[in-house]
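Chains as they are written, first to last, in the numbering used here: chain B, 1 to 113; chain Y, 1 to 111.
Just so you know, these hints were derived from the structure itself, not from any lab.
A couple of the hints might just be wrong.
What the hints assert, rightly or not - With a straight-line Cα cutoff of 30 Å, these simulated DSSO-like cross-link-like pairs (lysine-lysine) come out: (1) Lys17/Y <-> Lys65/Y; (2) Lys108/B <-> Lys18/Y; (3) Lys108/B <-> Lys70/B; (4) Lys57/Y <-> Lys51/B; (5) Lys57/Y <-> Lys18/Y; (6) Lys70/B <-> Lys69/Y; (7) Lys70/B <-> Lys51/B; (8) Lys18/Y <-> Lys69/Y; (9) Lys51/B <-> Lys108/B.
Owing to the predicted nature of the structure, the values given are computational and were not obtained by experimental measurement.
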Amino acid sequence: GQQLNQSPQSMFIQEGEDVSMNCTSSSIFNTWLWYKQDPGEGPVLLIALYKAGELTSNGRLTAQFGITRKDSFLNISASIPSDVGIYFCAGQNYGGSQGNLIFGKGTKLSVKP
Amino acid sequence: EAQVTQNPRYLITVTGKKLTVTCSQNMNHEYMSWYRQDPGLGLRQIYYSMNVEVTDKGDVPEGYKVSRKEKRNFPLILESPSPNQTSLYFCASKGTRGGYTFGSGTRLTVV
Numbered sequence: 001g002q003q004l005n006q007s008p009q010s011m012f013i014q015e016g017e018d019v020s021m022n023c024t025s026s027s028i029f030n031t032w033l034w035y036k037q038d039p040g041e042g043p044v045l046l047i048a049l050y051k052a053g054e055l056t057s058n059g060r061l062t063a064q065f066g067i068t069r070k071d072s073f074l075n076i077s078a079s080i081p082s083d084v085g086i087y088f089c090a091g092q093n094y095g096g097s098q099g100n101l102i103f104g105k106g107t108k109l110s111v112k113p
Numbered sequence: 001e002a003q004v005t006q007n008p009r010y011l012i013t014v015t016g017k018k019l020t021v022t023c024s025q026n027m028n029h030e031y032m033s034w035y036r037q038d039p040g041l042g043l044r045q046i047y048y049s050m051n052v053e054v055t056d057k058g059d060v061p062e063g064y065k066v067s068r069k070e071k072r073n074f075p076l077i078l079e080s081p082s083p084n085q086t087s088l089y090f091c092a093s094k095g096t097r098g099g100y101t102f103g104s105g106t107r108l109t110v111v
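Okay, chain B solo, but in the shape it has when bound (with noise of 0.2 Å):
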């Protein structure tokens, strides 16, 4: 099946630093959507974008809808050691059926205090 390229695999980070992950695809996409994984639990929806060039924040974290409708860039600033976590990406294919969600293979971020 259709993937999407998520980087970085993981990240090592001192606590106050900025982070950026992205994802990319061969493939046009019309939903992206960032998504946050704790320990032992489901993934929690972080922020959807549904256009083109939209820029969208959640408090610290702010992420964008790339303009070739391929790629997704969240960024999260001045993190914090409950920040730890799996980040992943999902989007659904242009002309596709919004119940088929595709993931990236997540990026793991660490935050030392």
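Here the structure of chain B is known, so what remains is to put chain Y in place on it, guided by the hints.
Quick look at chain Y alone, frame taken from chain B:
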């Protein structure tokens, strides 16, 4: 509280013994889905459903069955489980816009 509830949270079973993982949502969502999560492979979609009696295969449907007889329930059935189906399974639901809301997961071990 709006939620997706799946049971059981943990299950150890033997090869070939049929099992069902239940999933229920209380948000009147049209879409429901099952994902499996494996180290290094991320979340892969097994099956999804657009509404009652309407289901479709995801990326890894082999060895699984689903049914959607009621809008709120979407059970996952393993007719003859094998060790390669040992995984962490998530049920999820969504409305007509936005992303899936996930359950807390079912950790399945097949020995």
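* Is the straight-line distance between the alpha-carbon of lysine 51/B and that of lysine 108/B 30 Å or less? -> 27 Å, holds
* When you check the alpha-carbon spacing of lysine 57/Y and lysine 18/Y, does it fall within 30 Å? -> 20 Å, holds
* Asked: Within 30 Å, alpha carbon to alpha carbon, are lysine 70/B and lysine 69/Y?
  -> 36 Å, violated
* Holds or violated: lysine 57/Y with lysine 51/B, Cα cutoff 30 Å? -> The hint holds at about 27 Å.
* Would you mind confirming whether the straight-line C-alpha gap from lysine 17/Y to lysine 65/Y stays at or under 30 Å? => At roughly 14 Å apart (the allowed maximum being 30 Å), lysine 65/Y and lysine 17/Y satisfy the hint.
* With a cut-off of 30 Å on the C-alpha distance, tell me whether lysine 18/Y and lysine 69/Y pass. => Holds, at roughly 20 Å.
* Below or equal to 30 Å on CA atoms is what counts here, so check lysine 108/B against lysine 70/B. => Answer holds: lysine 108/B to lysine 70/B is near 22 Å, not above 30 Å.
* **Straight-line alpha-carbon gap lysine 108/B to lysine 18/Y, limit 30 Å** => Judged against 30 Å, a Cα distance of about 34 Å means the pair is violated.
* **30 Å Cα cutoff - pair lysine 70/B, lysine 51/B** => Within the cut-off at roughly 12 Å; holds.
The structure is inconsistent with the numbered hints 2 and 6, although it conforms to all the rest.
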